[in-house]
Each structure stands twice: as structure tokens, then as C-alpha cells.
Amino acid sequence: MLAKRSAPLVGEAQPAAYLTLDEEGSPSMLFFDVIEARSYCACREEPEPLFWHPAPRGQRRCRNLLG
1 MLAKRSAPLV GEAQPAAYLT LDEEGSPSML FFDVIEARSY CACREEPEPL FWHPAPRGQR
61 RCRNLLG
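Per the UniProt record's numbering, residue 1 is the first one in the sequence shown, and the count goes up by one each step.
Some hints could be false.
Cβ pair distances, simulated, as ranges [stated by the list, open to error]:
#	residue 1	residue 2	range
1	I35	P56	18 to 24 angstroms
2	Y40	Q14	16 to 22 angstroms
3	A13	C41	18 to 24 angstroms
4	W52	E23	24 to 30 angstroms
5	S26	H53	21 to 27 angstroms
6	V34	P56	27 to 33 angstroms
By construction, these hints were calculated from the structure, which means they are not laboratory data. Keep in mind it's a predicted model, so treat the numbers as computed, not measured. All residues carry an ideal CB built from backbone N, CA and C; glycine is no exception.
All chains should be modelled from the sequences, with the hints used to inform the complete structure.
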């Protein structure tokens with residue numbers, strides 16, 4: 001599962017992907033390279049970094065029961 005966060009915490013891995021937003025703030029495009037993502041952003045805007053985090057414990061248990 002990917003989660004949005006403004007910046008990585010100390011010791012945390014780099015973002016998994018970058019999301020660009022349209023004029024209304026809705027998700028527009030997904031990139032795995034920050035330089036490419038920035039080329040689609042407006043001046044003085046940055047793409048939203050997306051980070052991996054573990055699924056909640058209940059979902060993991062359910063997935064184990066089904067699989």
C-alpha cells in the first residue's frame with residue numbers, strides 16, 4: 001500500500017513513486033523518477049512523494065486466510 005507523506009523521516013527509505021496533481025488537487029500522473037515528475041509540475045510546485053508502509057495487521061491476517 002502506498003501512503004502520501006510530505007517528507008521522509010530520518011532513516012526512512014526513499015519514496016517509492018511521485019504523484020502529480022491537476023489544478024483541482026486531484027491525482028493526475030504517477031512517476032517513479034522525481035526529475036520526470038517535476039517536469040510535469042507547475043512552477044514552484046513539487047510532486048507528492050509516495051512511501052511504502054505495511055498493510056494493517058487485520059488485512060494481512062485476512063489475506064493469509066484467503067491465500
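For each hint, the structure was consulted:
no. : hint                             : verdict
1   : I35 with P56: 18 to 24 angstroms : violated, 33 angstroms
2   : Y40 with Q14: 16 to 22 angstroms : holds, 19 angstroms
3   : A13 with C41: 18 to 24 angstroms : holds, 23 angstroms
4   : W52 with E23: 24 to 30 angstroms : holds, 28 angstroms
5   : S26 with H53: 21 to 27 angstroms : holds, 22 angstroms
6   : V34 with P56: 27 to 33 angstroms : holds, 28 angstroms
Of the numbered hints listed earlier, the single one contradicted by the structure is hint 1.
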